[in-house]
Amino acid sequence: MAKKKKLSLEDLGGFVFSTNDNFELEDTIEHKTLTPQNQYLEAHFSNKGRGGKTVTILKGFEGLEEDLKALAKLLKKKCGVGGAVKGNEIIIQGNYRDKVMTILTKEGYNVKRVGG
Numbered sequence: 039m040a041k042k043k044k045l046s047l048e049d050l051g052g053f054v055f056s057t058n059d060n061f062e063l064e065d066t067i068e069h070k071t072l073t074p075q076n077q078y079l080e081a082h083f084s085n086k087g088r089g090g091k092t093v094t095i096l097k098g099f100e101g102l103e104e105d106l107k108a109l110a111k112l113l114k115k116k117c118g119v120g121g122a123v124k125g126n127e128i129i130i131q132g133n134y135r136d137k138v139m140t141i142l143t144k145e146g147y148n149v150k151r152v153g154g
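Heads up: the sequence shown begins at 39 in the numbering used here, then just goes up one per residue.
These are computed hints drawn from the structure, not numbers from a lab. Errors might be hidden in some of the hints.
In silico SDA-like links for lysine to any residue, alpha-carbon gap of 20 Å or less [as the list claims (entries may be wrong)]:
1. Lys97 / His69
2. Lys107 / Ile129
3. Lys111 / Lys124
4. Lys111 / Gly90
5. Lys114 / Thr140
6. Lys124 / Gly87
In this text the structure is predicted, and so the values were computed from the model without any measurement.
Using the sequences provided together with the hints, build the complete structure.
Take a look at the structure:
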């Protein structure tokens, strides 16, 4: 397999090279969680790669990982099932897409049903 060619400095993962011994990188990016009204989530249903077991996957959350985990905990508690946070996705065990969409809509999130 051919390796992907690096096209820009961003492809290097945010590295900064400098010959200045006194260089200090300023963290100008402000990390915060968007309000529920400004969030646009996608509710997916999947059973691929999980031994035929079904899961509901939420994608598109923009914010801090702590807030993502808190939202996942709320959904797992209200659905009465297990789940996990992987990457920037919430995975809920079972086909609870409609229930999750109802819960998120009541919380003020914009949720879109994706797939069959």
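Hints, verified against the model:
1. At roughly 18 Å between alpha-carbon atoms, Lys97 and His69 fall within 20 Å of each other, so this suggested pair holds.
2. Restraint check for Lys107 and Ile129: the C-alpha separation of about 11 Å stays at or below 20 Å, so the hint holds.
3. Distance restraint check for Lys111 and Lys124: the Cα-Cα separation of roughly 13 Å lies within the 20 Å cut-off, and the hinted pair is therefore satisfied.
4. With a C-alpha separation of about 24 Å, the suggested pair Lys111 and Gly90 falls outside the 20 Å cut-off, and the hint is violated.
5. As the CA atoms of Lys114 and Thr140 are separated by approximately 14 Å, the hinted pair is consistent with the 20 Å bound.
6. For the hint linking Lys124 to Gly87, the alpha-carbon distance of about 15 Å falls within 20 Å, and the restraint holds.
Violated hint for the displayed structure: number 4, the only one.
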